[in-house]
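One-letter residues, chain by chain:
2 protein chains.
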Amino acid sequence: MANQEAQDAAAAGVSEEPGPLGEAWVARYGETPPVDVAEVDPFLTHRSVRDFSDRPVPRALVTALVAAAQSAATSSNLQTWSVVSVQDPVRRAEVARLCADQRQVRNAPWFFAFVADHHRLAHAASRVGEDALGLDYCEFYTMAVIDAALAAERMVCAAESLGLGICYIGALRNDAEGVKGLLNLPERVVGLFGLCLGWPDPNVANPIKPRLPQSSVWFEEEYDPLVGIGDYDDRMSRFYAEQGMKGDATWSMRSGRRVDEHHLTGREALLKFIQEQGFSRR
Amino acid sequence: MANQEAQDAAAAGVSEEPGPLGEAWVARYGETPPVDVAEVDPFLTHRSVRDFSDRPVPRALVTALVAAAQSAATSSNLQTWSVVSVQDPVRRAEVARLCADQRQVRNAPWFFAFVADHHRLAHAASRVGEDALGLDYCEFYTMAVIDAALAAERMVCAAESLGLGICYIGALRNDAEGVKGLLNLPERVVGLFGLCLGWPDPNVANPIKPRLPQSSVWFEEEYDPLVGIGDYDDRMSRFYAEQGMKGDATWSMRSGRRVDEHHLTGREALLKFIQEQGFSRR
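First to last, the protein sequences are chains A and B. Add 65 to a position in the first sequence, counting from 1, and you land on the number used in my numbering. Add 65 to a position in the second sequence, counting from 1, and you land on the number used in my numbering.
Any given hint could turn out to be false.
Heads up, the list lumps identical chains together, so a pair's fine if it works in one copy or across two of them.
To be verified - Pairs of lysine to any residue residues, derived as SDA-like cross-links and limited to a Cα-Cα distance of at most 25 Å, are as follows: (1) K245 x P278; (2) K245 x E307; (3) K274 x R303; (4) K337 x D325; (5) K274 x D116; (6) K274 x S226; (7) K311 x S113; (8) K245 x G95; (9) K245 x Q279; (10) K337 x D296; (11) K337 x R171; (12) K337 x E104; (13) K337 x E287; (14) K245 x T110; (15) K274 x N142; (16) K245 x W283; (17) K274 x R192; (18) K311 x G194.
Read the hints as simulated data drawn from the structure, not as lab findings.
Okay, chain A solo, but in the shape it has when bound:
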């Protein structure tokens, strides 16, 4: 690194020396950090939490977390997302059933369904006598999915900064029609993903999962179609073994098999469903 850049790095609070908090980096990449990552370390330690303690998460805290979600960027301030919390035990069991019966959906102190939401905009348009034909476009579906995910992840970062644990639930898309019925979603609203939230059970270890090397996902100036994943298959195989996961398939093999037509778990109907709801029709 050039001297000037090293000075800039020092001024920015980073240095070439591995930081004392580099364990998360090691877990992600299988090597010591090339730079001091202490300052961003809290953002490297995410793991999915599926087992929660009995300690309650008060509503006041959730109120603060929803404010964090709403503080995320949103395209043109249109705020094309909403969230529905499901706390009633009978209804929660029904959500869990719709989400492949995942235990964390049933047991988490809080469950949130994040939804793409054009209903408010369609209402606003009707009041000013404008059609809302723009909402029919894939662009507006994409915008809503981005808005919802940005909001959720800011809420998650805030929650994790307090020691809370979370697990996203993609299985909310397994039975989009069922979710629509349970949550009373009108036209122009569709469930995107769930979020389980609570204090982690201290008796359950939640490992940090290795990720692809940075060079596999961060390209400079232009994309390199030559796929290189370095030692990732080896690292993930060790991780699977450490976690007692059966099978000796590598990440590449698992992932390659995962994208055939037989692992869609109901989600093959998603395009038809969202189009019926008024999304991505053209």
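Starting from the known structure of chain A, fit chain B onto it as the hints suggest.
Below, chain B without anything else, positioned relative to chain A:
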């Protein structure tokens, strides 16, 4: 609030008393916080930053931020996103031109294009002799958009925790074909949004934008189709006036007009483009 819940709240580090750091909440909602939000306050203060100082952002720091991005949750660990940084001045000017000539794209110390990426998975599938027909489904497009947005927002939360400023660029979708060409995106990769990053210009104020009331976006048990936005139109009108923005339209009027067919700025072609790239064909 019930006594038990107040105790739980206190134990969780929140109380009924407004916190000393409640200014961000006031800016968002136009009222003092009903709970102590001090602990999540850093996550409430996001604002878009379009003017940056000359202070450089060293590569080492970006490396740490990309690690934060990669630490976000990703569906089934498939990691269906990538990021392309564009730093070459000539290429940056070209990106800016593709993004409605927004000055922050041209001037930000760093610019990142976040892309939905199925290229790696298609490659992995071909190596194990599996077709990758699942990738054709809207489900996998949705998954990639969520993955990319979660990654970006974790990177943004990490960056903002260090004092950096950011601005998302939805205009990366204005000319998807042009972005594909400039960034050398292969089949099964599509640009989703840009991200400008740098130290904020200390001479430029970046106000925190008001948001809809929580009751408008957070529903309990089920969605309420009766649209209520409280005093939001009044609050946003005051905000527009304070910012010297011309026109007396309310948020509802602006948003209602924004979703007609005439504000798509090239993005009306998005569905056709992503289908040609191999996304959301069915």
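Hints and how they fare:
Only between protomers do K245 and P278 lie at most 25 Å apart by alpha-carbon distance; the minimum there is 23 Å, versus 39 Å within a single protomer. Proximity of K245 to E307 under the C-alpha cut-off of 25 Å is found in neither arrangement, the shortest distances being 39 Å within a copy and 40 Å between copies. For a Cα distance limit of 25 Å, the shortest separation of K274 from R303 inside one copy, 11 Å, qualifies, whereas the shortest one across copies, 47 Å, does not. Taking the shortest Cα distances, K337 and D325 sit within 25 Å of each other both inside one copy (19 Å) and across copies (23 Å).
For the homomeric pair K274 and D116, the shortest alpha-carbon distance inside one copy (17 Å) is at most 25 Å, but the shortest distance between copies (36 Å) is not. In this assembly of identical chains, K274 and S226 lie within 25 Å of each other by CA distance both inside one copy and across copies; the values are 19 Å within and 23 Å between. With identical chains, the CA atoms of K311 and S113 are at most 25 Å apart within one copy only, with a shortest distance of 19 Å there and 46 Å across copies. For a Cα distance limit of 25 Å, the shortest separation of K245 from G95 qualifies neither inside one copy, at 42 Å, nor across copies, at 32 Å.
For the homomeric pair K245 and Q279, the shortest alpha-carbon distance between copies (21 Å) is at most 25 Å, but the shortest distance inside one copy (38 Å) is not. Taking the shortest Cα distances, K337 and D296 never come within 25 Å of each other, neither inside one copy (39 Å) nor across copies (37 Å). Taking identical chains as interchangeable, the C-alpha atoms of K337 and R171 are never at most 25 Å apart, the minima being 28 Å within one chain and 40 Å between chains. Taking the closest pair of Cα atoms, K337 and E104 never come within 25 Å of each other, the shortest separation being 45 Å inside a single copy and 42 Å across copies.
In this assembly of identical chains, K337 and E287 lie within 25 Å of each other by CA distance solely across copies; the values are 23 Å between and 34 Å within a copy. With identical chains, the CA atoms of K245 and T110 are never at most 25 Å apart, being 34 Å at best within one copy and 33 Å at best between copies. Proximity of K274 and N142 under a CA criterion of 25 Å is satisfied inter-copy only: 9 Å between copies versus 34 Å inside one chain copy. For a Cα distance limit of 25 Å, the shortest separation of K245 from W283 across copies, 16 Å, qualifies, whereas the shortest one inside one copy, 37 Å, does not.
In this homomeric assembly, K274 and R192 come within 25 Å of each other (Cα to Cα) only across copies, at 24 Å, whereas the closest approach inside a single copy is 49 Å. Within a single copy, K311 and G194 get their C-alpha atoms only as close as 59 Å, which misses the 25 Å cut-off; across copies the closest is 22 Å, which meets it.
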